[in-house]
Amino acid sequence: MDSHTLLQRFDLSRNTSLRTLETSARSINRTGDTASDFFITILSSATSPAPLDFVVIYRELDFGFWSNSLIFESEPASYFYSPMRMEERALFRQKQFGVFREMHRATDFRLVLCADVFDSLVERAIKTLECLVEAEEAKGGLCHHYKPLVISERRTIRTRPLDHCLAVDIPGDCPFYASAL
Amino acid sequence: MIIAHFIYDKHALIACSMTCYSWYIVAVPHLHYSLTMEEARYYPWDRTKYMWPTPLRRSYDLGLLPLVKRLRIRLRLCSCNEFTPEWIDRRTLRYFSALTNLQELGIDNLQLSRFMPNIQQCFGHFSPTLRFLALRKPMGSCRQILYFIGLFPNLQDLKFHWSFPTDGQGSMTDATLIPLSVPPLRGRLTLASFTREGLVRDMITYFGGLRFRSMDLFEVRCARLLLYECRKTLETLRLYPNDPYGEEFLGRREEDTQVSDL
Numbered sequence: 001m002d003s004h005t006l007l008q009r010f011d012l013s014r015n016t017s018l019r020t021l022e023t024s025a026r027s028i029n030r031t032g033d034t035a036s037d038f039f040i041t042i043l044s045s046a047t048s049p050a051p052l053d054f055v056v057i058y059r060e061l062d063f064g065f066w067s068n069s070l071i072f073e074s075e076p077a078s079y080f081y082s083p084m085r086m087e088e089r090a091l092f093r094q095k096q097f098g099v100f101r102e103m104h105r106a107t108d109f110r111l112v113l114c115a116d117v118f119d120s121l122v123e124r125a126i127k128t129l130e131c132l133v134e135a136e137e138a139k140g141g142l143c144h145h146y147k148p149l150v151i152s153e154r155r156t157i158r159t160r161p162l163d164h165c166l167a168v169d170i171p172g173d174c175p176f177y178a179s180a181l
Numbered sequence: 001m002i003i004a005h006f007i008y009d010k011h012a013l014i015a016c017s018m019t020c021y022s023w024y025i026v027a028v029p030h031l032h033y034s035l036t037m038e039e040a041r042y043y044p045w046d047r048t049k050y051m052w053p054t055p056l057r058r059s060y061d062l063g064l065l066p067l068v069k070r071l072r073i074r075l076r077l078c079s080c081n082e083f084t085p086e087w088i089d090r091r092t093l094r095y096f097s098a099l100t101n102l103q104e105l106g107i108d109n110l111q112l113s114r115f116m117p118n119i120q121q122c123f124g125h126f127s128p129t130l131r132f133l134a135l136r137k138p139m140g141s142c143r144q145i146l147y148f149i150g151l152f153p154n155l156q157d158l159k160f161h162w163s164f165p166t167d168g169q170g171s172m173t174d175a176t177l178i179p180l181s182v183p184p185l186r187g188r189l190t191l192a193s194f195t196r197e198g199l200v201r202d203m204i205t206y207f208g209g210l211r212f213r214s215m216d217l218f219e220v221r222c223a224r225l226l227l228y229e230c231r232k233t234l235e236t237l238r239l240y241p242n243d244p245y246g247e248e249f250l251g252r253r254e255e256d257t258q259v260s261d262l
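Chains as they are written, first to last, in our numbering: chain A, 1 to 181; chain B, 1 to 262.
Derived by calculation from the structure, the hints in this document are not laboratory data.
Idealized CB from N, CA, C, for every residue including glycine.
One or more hints might be untrue.
[Unchecked claim] Residues from chain B that face chain A, not an exhaustive set, calculated with beta carbons under 7 Å:
1. Glu-219
2. Arg-224
3. Thr-236
4. Leu-237
5. Arg-238
6. Leu-239
7. Tyr-240
8. Pro-241
[Unchecked claim] Which stretches of chain A does chain B cover? Using the computed rule of at least three CB atoms under 8 Å from a CB of chain B, they are:
9. 7-18
10. 34-42
[What the hints assert, rightly or not] Some chain A residues flagged as far from chain B (calculated, every beta-carbon gap over 12 Å):
11. Phe-97
12. Lys-127
13. Leu-132
14. Glu-134
15. Lys-139
16. Leu-149
17. Ile-151
Sequences are here, hints too, so could you generate the full structure?
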């Protein structure tokens with residue numbers, strides 16, 4: 001899709017109350033990539049008077065965490081971590097910052113890096129993102145007016161895994177409920 | 001109460017609820033917040049436990065349904081597996097009427113045309129409290145879907161996933177289907193693989209425009225129309241160019257809703 005067609009579909013020039021544009025980390029690849037160009041193009045149409053936050057959502061796999069439990073929407077007991085791919089991931093994130101710099105030329109925005117992971121991983125994920133920002137800052141790779149903000153968010157889809165085993169199994173598994181009621 | 005901090009920790013909540021009666025009273029609404037019914041294929045080791053309407057029946061028998069705020073009915077996305085009026089008998093309606101605090105409803109493969117014109121008898125129980133409606137692959141004409149949405153006058157959030165153009169041209173009586181109410185719809189709109197621009201146009205016509213504050217768009221043809229209609233209210237826009245079908249956010253086993261990720 002060329003930029004003209006793209007702007008016809010995602011013209012943000014009239015959205016005067018827009019505060020936040022969000023996407024997943026995997027949507028931001030490298031400069032010249034289709035998905036990255038997508039954001040560079042539509043951000044250029046944003047005319048909201050308020051400062052715009054561009055939020056990039058990082059999930060477990062973006063940090064190299066993996067567990068079979070991920071597909072079952074429940075808190076995993078343990079994670080597998082693949083150190084072999086650490087360098088690859090670091091390179092990927094560096095390329096992402098290249099895209100952010102490119103996007104920043106199109107419009108002014110505040111970059112927000114959001115770790116959307118299980119509770120048990122939040123601290124590690126936040127630390128990883130903070131290190132990433134500091135490393136970029138040390139290299140002089142940040143050209144934003146605002147320093148990138150690092151935040152975390154509990155995932156609501158998976159952090160309510162209760163109904164699969166509660167309100168269903170109560171009579172057999174938890175006799176207290178039956179007696180209490 | 002500090003117990004509220006454990007709402008994401010099932011085991012801690014269970015432990016709290018078994019400590020004493022006062023703790024139980026605080027913990028139990030969090031434990032029974034959500035109720036899901038699924039196909040047996042997800043649980044081949046136990047074919048009946050999660051199947052319709054077993055969780056509803058068991059919760060009803062224990063008087064837990066007033067605590068449920070989220071109800072999900074998950075079905076395999078195939079034409080042979082549709083949620084039709086045959087699923088709802090007199091007993092099920094009694095269960096539904098006990099869901100007095102339901103705020104979120106998600107149904108897969110809802111055959112709206114089969115429920116017409118008495119759909120209010122089946123789902124009208126949820127009208128006063130429902131805030132979020134998620135439909136995955138709903139089957140019916142645009143006017144029927146619009147009529148269904150209009151059953152819930154306090155609806156704020158909407159989610160459509162895998163919505164095919166239509167399952168037919170709609171019946172002649174469709175023209176007389178006027179939504180019973182105009183829901184505020186000022187929350188979050190999530191559309192994935194959505195091709196029914198006609199439904200969006202009908203919503204604009206009959207609900208007097210769209211006022212969503214937040215939008216998640218995955219492979220949506222009418223993005224331009226949606227952005228224009230919500231130009232004064234839209235605060236947050238989520239786009240995923242590398243994930244046009246929402247597989248990363250909506251796909252797994254379900255959501256969104258959630259119907260997976262409700």
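Query - Those earlier numbered hints the structure runs against, lowest number first - result: 1
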